[in-house]
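**Q** Below, each chain spelled out in residue letters.
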Amino acid sequence: MGMTPVVSSSPSERLSAGGIELEVVRRGTGHPVLLLHGMQNVDPRARFLDLLGRRAEIIAPSHPGFGHSPRPADFETVSDLVHLYLDVLDGLPYPKVTLMGFSFGGWLAAEIAVKCRHRLDRLVLVDAFGLKLSDRETPDILDVFNTSPQEVRRRSWHDPAKAPDLDAMSDDELIVRARNWDALCLYGWHPYMYDPQLKRWLRRITIPTLVLWGAWDGIVKPSYGRGYSALIPGSRFEVIEAAGHHPEIEQPEAFAERVAAFLDR
Amino acid sequence: MDVWYQCENPYPFVPQDILDRVDSVRASLPNKYCDPKIAADLFEEVLDEFMLCDDQGLNVVAIEHHAGINSLFGANPLILGILARQMRNVRILSMGTLVSLRKDPVRVAEEYATADVICRGRLEIGFVKSGGTEMASNNANPVNNVERYWEAIDLIRKALTHQDGPFSWEGKHFTHRHVNIWPRPWQQPHPRLWAATGDPDTVNVLVLRGADGTKRAWGAYRQARAEARLPEVGTDHFAYAAFVYVGDTHEEGVRVGSKLLWFLNTSLKSAPQYSKFLPGTVPPQSAPLLYRSAPRPTTAAGGPRPVASASQNAATLIGLTADQARERGILFAGNPDTVYRQIHDFYTEVGGFGHLVMIGRSGFLTHAEAEKGIRLFSAEVMPRLKELG
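Heads up: the sequence lines are chains A and H, in that order. The opening position of the first sequence corresponds to residue 1 in the working numbering, with each subsequent residue numbered one higher. The opening position of the second sequence corresponds to residue 1001 in the working numbering, with each subsequent residue numbered one higher.
Worth flagging that the hints you see were computed from the coordinates, not collected in a lab. Hints are supplied without guarantee of correctness; some may be wrong.
What the hints assert, rightly or not - As a list, the in silico DSBU-like pairs of lysine-lysine whose alpha-carbon atoms are at most 35 angstroms apart: (1) A:Lys-132 / H:Lys-1386; (2) H:Lys-1215 / H:Lys-1037; (3) H:Lys-1032 / H:Lys-1103; (4) H:Lys-1269 / A:Lys-132; (5) H:Lys-1158 / H:Lys-1386; (6) A:Lys-132 / H:Lys-1032; (7) A:Lys-132 / A:Lys-162; (8) H:Lys-1259 / H:Lys-1372; (9) H:Lys-1386 / A:Lys-199; (10) A:Lys-115 / H:Lys-1172; (11) A:Lys-199 / H:Lys-1172; (12) H:Lys-1172 / A:Lys-132; (13) H:Lys-1372 / H:Lys-1386; (14) H:Lys-1269 / H:Lys-1215; (15) H:Lys-1372 / A:Lys-115; (16) H:Lys-1215 / H:Lys-1259; (17) A:Lys-162 / H:Lys-1103; (18) H:Lys-1386 / H:Lys-1037; (19) H:Lys-1032 / H:Lys-1215; (20) H:Lys-1259 / H:Lys-1269; (21) A:Lys-132 / A:Lys-199; (22) A:Lys-115 / A:Lys-199.
Stated by the list, open to error - Reference listing, derived: stretches of chain H covered by chain A, where coverage requires no fewer than 3 residues with Cβ under 8 angstroms from a Cβ of chain A: (23) 1134 to 1147; (24) 1272 to 1280.
Ideal Cβ placement from N, Cα and C applies to all residues, glycine included.
With the rest of the complex left out, here is chain A:
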């Protein structure tokens, strides 16, 4: 995909790590939180940023290939992403930060926490991917690439009216969406959105962990979140009512409250 130029019509902050310049959204002051986004990069207009920003300094880079972040040639595995964020952690001016991951980014966060617990004080997983829990004929994670867009939308939101309206988006927003979609597919196609070995190593996560789930998530169901939490020693599992796969968007107040309470514990 070297033919894909990076779109840069919206000016944004950058974060440099391992020779890669990442677009980054920063908000708030207080407890440092490195936020790894899910299927879409973090929209700087998202309300949860302001709410959580009252208690925390949020640092939310766009993964290579997502948003306006370039993706170097042959950088195309979850392992590449995990090692990139180990570089990011090394570069942050804090001895320890809280790591928070949404959806696909939750998978990355779990992998990083397994490898690098000494740089983290807390872990928050929100509707996270990354594990294979059910039997071989029961997919845990909805195949968003081979399922009709209407069905994906229905299963993503408690209130589908909250789903983004493609017709209302600017050209740049649609181009970013297409970049996100390509990148997600490249990183997560096979095995689909999980690492078969990760389950074995989650026991290494000994830092305080909150596993937070939208009660109506139809992409990865709350029972999967409960199973995830059970594999991380001492972790808390909580659901957010009236929210699907994106509780931070559908219920930003409840989401920010739960995370802030966890940071204060």
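Dock chain H against the given chain A, drawing on the hints supplied.
**A** Same frame as chain A, now just chain H:
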């Protein structure tokens, strides 16, 4: 000019109300709608048509498509094995095993070498990039499909030509530490290789370009060769595929030949997740034209020319009428004289081509009609085409 007969062995016998109700007639249409007894009859008929081509001196093309009404040829090497053994005269083009979907190109090379030996050197090998529904059917990542396509071709070519014991391949997508196929191919250094050009569509895109697109595609090929300082090529390097039917009368030829358009009108229907939302198939810059329910008129004004996606191409083709298809050189149909004239005019307009691929059976066109078309074409039209050059 060489002429090649192609039939994809479609399965049109799914009730129309079901086809209307589903969002895709490929990849996700349950196989309960495919009756194996009907399928067996279809295989028998189509393989017999290929055998008739062998008698008539008409070369054949065997394709591969997966999990849809458009084709029952899901495993090209199996069909190739039958043709290589049964046909005695004409050349056989595999177009082809879908190499970017197969885990091990060395096995593909082994299959091709075996077929080439069985038919004593009458095999030709074609490479196609596959389409959206095939990514789903084969669990293949669509984003780096084209990379896999080229690496697979490189590995297959080396496996076919390397004769000095095992070699090792540790590429980006394929690793195989001990490559040494037996038998090696009959033809040296390897059978002639073909590629379909255009965008990665589920259809054999050369079929669908019409005169303008055809000239552009071939012009681009010639220019690329010139830029790479490769020698100029004659028309033998170019093939054109079209729906072709010859009847006793012009009226009969057009009436029966129009049935071939089922391929466009019915068998292209594909759900958005396999087409416009399929990752990696068009540059993200095309998203403003693709993702909105209706493109904004101002979009891309002054910007780079947007790439037409497979789904946009398909949308145009699904609505094509027989008259439009004949005007665009997609369908050549009539009596021997009028079909010859249509092909001649198209040939002249695009600057000539060395190979015509005729799709002679599709949709509800019957076995008897297909055989009649093959006989009339090979007796009345083909000899005149040979003289075109």
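**Q** So, for every hint listed, does it hold in this structure?
**A** Hint by hint, here is what the structure shows:
no. : hint                    : in the structure
1   : A:Lys-132 / H:Lys-1386  : 60 angstroms, violated
2   : H:Lys-1215 / H:Lys-1037 : 43 angstroms, violated
3   : H:Lys-1032 / H:Lys-1103 : 28 angstroms, holds
4   : H:Lys-1269 / A:Lys-132  : 34 angstroms, holds
5   : H:Lys-1158 / H:Lys-1386 : 34 angstroms, holds
6   : A:Lys-132 / H:Lys-1032  : 30 angstroms, holds
7   : A:Lys-132 / A:Lys-162   : 29 angstroms, holds
8   : H:Lys-1259 / H:Lys-1372 : 14 angstroms, holds
9   : H:Lys-1386 / A:Lys-199  : 66 angstroms, violated
10  : A:Lys-115 / H:Lys-1172  : 26 angstroms, holds
11  : A:Lys-199 / H:Lys-1172  : 27 angstroms, holds
12  : H:Lys-1172 / A:Lys-132  : 26 angstroms, holds
13  : H:Lys-1372 / H:Lys-1386 : 20 angstroms, holds
14  : H:Lys-1269 / H:Lys-1215 : 27 angstroms, holds
15  : H:Lys-1372 / A:Lys-115  : 70 angstroms, violated
16  : H:Lys-1215 / H:Lys-1259 : 27 angstroms, holds
17  : A:Lys-162 / H:Lys-1103  : 41 angstroms, violated
18  : H:Lys-1386 / H:Lys-1037 : 40 angstroms, violated
19  : H:Lys-1032 / H:Lys-1215 : 43 angstroms, violated
20  : H:Lys-1259 / H:Lys-1269 : 17 angstroms, holds
21  : A:Lys-132 / A:Lys-199   : 8 angstroms, holds
22  : A:Lys-115 / A:Lys-199   : 13 angstroms, holds
23  : 1134 to 1147            : holds (count 6)
24  : 1272 to 1280            : holds (count 7)
Hints 1, 2, 9, 15, 17, 18, 19 from the list above are not met by this structure, while the remaining hints are.
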